[in-house]
Structures are given as C-alpha cells and as structure tokens.
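Engineer: Going line by line, the protein sequences match chains H and C. With my numbering applied, the first sequence corresponds to residues 446 to 559, in that order. With my numbering applied, the second sequence corresponds to residues 4 to 116, in that order.
Possibly wrong hints are sitting among the right ones.
One-sided excerpt, in silico: chain C residues whose CB lies under 8 Å from chain H [said to hold, decoys possible]:
#, residue
1, Y51
2, L101
3, S103
4, G110
Rather than coming from a laboratory, the hints here were simulated on the basis of the structure. Ideal Cβ positions, reconstructed from N, Cα and C, are used throughout, including at glycine.
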Amino acid sequence: GDSVTQMEGPVTLSEEAFLTINCTYTATGYPSLFWYVQYPGEGLQLLLKATKADDKGSNKGFEATYRKETTSFHLEKGSVQVSDSAVYFCALSSPGGATNKLIFGTGTLLAVQP
Amino acid sequence: DGGITQSPKYLFRKEGQNVTLSCEQNLNHDAMYWYRQDPGQGLRLIYYSQIVNDFQKGDIAEGYSVSREKKESFPLTVTSAQKNPTAFYLCASSTAVLNSPLHFGNGTRLTVT
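Kindly generate the complete structure, drawing on both the sequences and the hints.
Structural biologist: Structure (structure tokens):
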C-alpha cells in the first residue's frame, strides 16, 4: 500500500543553520505531497504542498520539491530559528482517490538551539 | 474565527468504560476525519466522513465508532473493545475539493487506566 518514510529525529540544530528533513514515498500513480508542522500541545498545520512532479511548495522560508524520479519530497530551510522547533510530518494523498484523507509519516522532531 | 474545537483537552477514564470525544467545526467543511497519534508512529486514520450521515472506516477502526448527524459535528466513541486506547486523538476537516488542506483541532489526550 501507499506509505511515507521520514528520517528519524530528533534533529538538533543551532540557530541560522541549514535544515533538511528527508521524506520518501511509495505510491501507485502520482500522489499529492504535503508537509505539516505540529507545535507543542497543538494540532497540525499545513506548511506547504505540491500536487505534481517538479512542483515546488514553499512557505515561511521552507521549501520542498516533488521529485518523481527519486520519489522524494525533502523539506529544506536555509536558516532556522528557535521558533521553528516543532514536529514535522510528511504526508501524501493517495492518487486517484476521491477524498482528502492523508497518509502520514512518523514525524521528525526539530529542536533549534539559540 | 473559524476553526475546529476538540474537547476536552485531557480525558481520563477507567478501563472498560466507553468514552466520547467531541469535535465541532464552523468552517462549513463537508469532510471530517479522526486520527490517532502515538509516539514514533505518526498519525493513523480511524474514521472519516465525506458527507452528513455517511462515514467510512480508516486503517485502525476496530474498537471505535463515530456518527455524523450534523455537518458541524463528528464525535468519536472509544469503546471498551479498543485494546490500547491511551493516545492523542486529532480531529480534522476539509472541503470536498481534492488536495485542499486538512484543518486540525488541538487534540484530546485520552488516558485509560
């Protein structure tokens, strides 16, 4: 079945460091891909999305490019801040589906130190 | 402000008791979802509903039940048949447009002892 694999955390960085969180997927066809962020004690918020190959999603300095050839959707940010500390989830929406239900990865905890 | 409200934030129950988690949205969304979050396992889909009076099982529906009598409300009942009910439960909603984002509530943490 369809699935998402994320790099295990925690990822610990100093402020202003470069961030990469790896995400790969398995799906038949062409899924839509998403990154969600969860701050402590809260629900998830959409960070960015891409709906077709080579699309780049971006928001708040974060970027991710839909790479069909490597079935990847890695999250990057050039300079992280303490306020970026959160859990990041990669997710996919099954291709050909008639709903918006998502399949999530296990999440990656990011801790940014001042 | 529009959003999703889950209540209560923390819930404690004794083993063998059924418990109902509330989820209300005022976003006028057609679709609603229940996910369960466990450490190291990400989010897993319990049930979802695309329209009033209709719902479908997700990947881990055993031991849970739902109803969708109103567009705004999608309560989840955790029954005594659920073997490991202690978890963080998240409710979400979306429009019917494909690839529209899910809007999540702030979750209910259920502890069963």
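Engineer: Decide, hint by hint, whether the structure agrees.
Structural biologist: Going through the hints against the structure:
1. Because the smallest distance between the Cβ of C/Y51 and any Cβ of chain H comes to about 5 Å, under 8 Å, the interface hint for this residue holds.
2. Using the Cβ-Cβ criterion of 8 Å, the hint placing C/L101 at the interface with chain H is satisfied: the shortest such distance is roughly 7 Å.
3. Here the hint on C/S103 is kept, as its CB sits about 6 Å from the closest CB of chain H, short of 8 Å.
4. For C/G110, the suggested interface contact is upheld, since its CB lies about 5 Å from the closest CB of chain H, less than 8 Å.
Consistency with the previously given hints is maintained throughout, with no hint failing.
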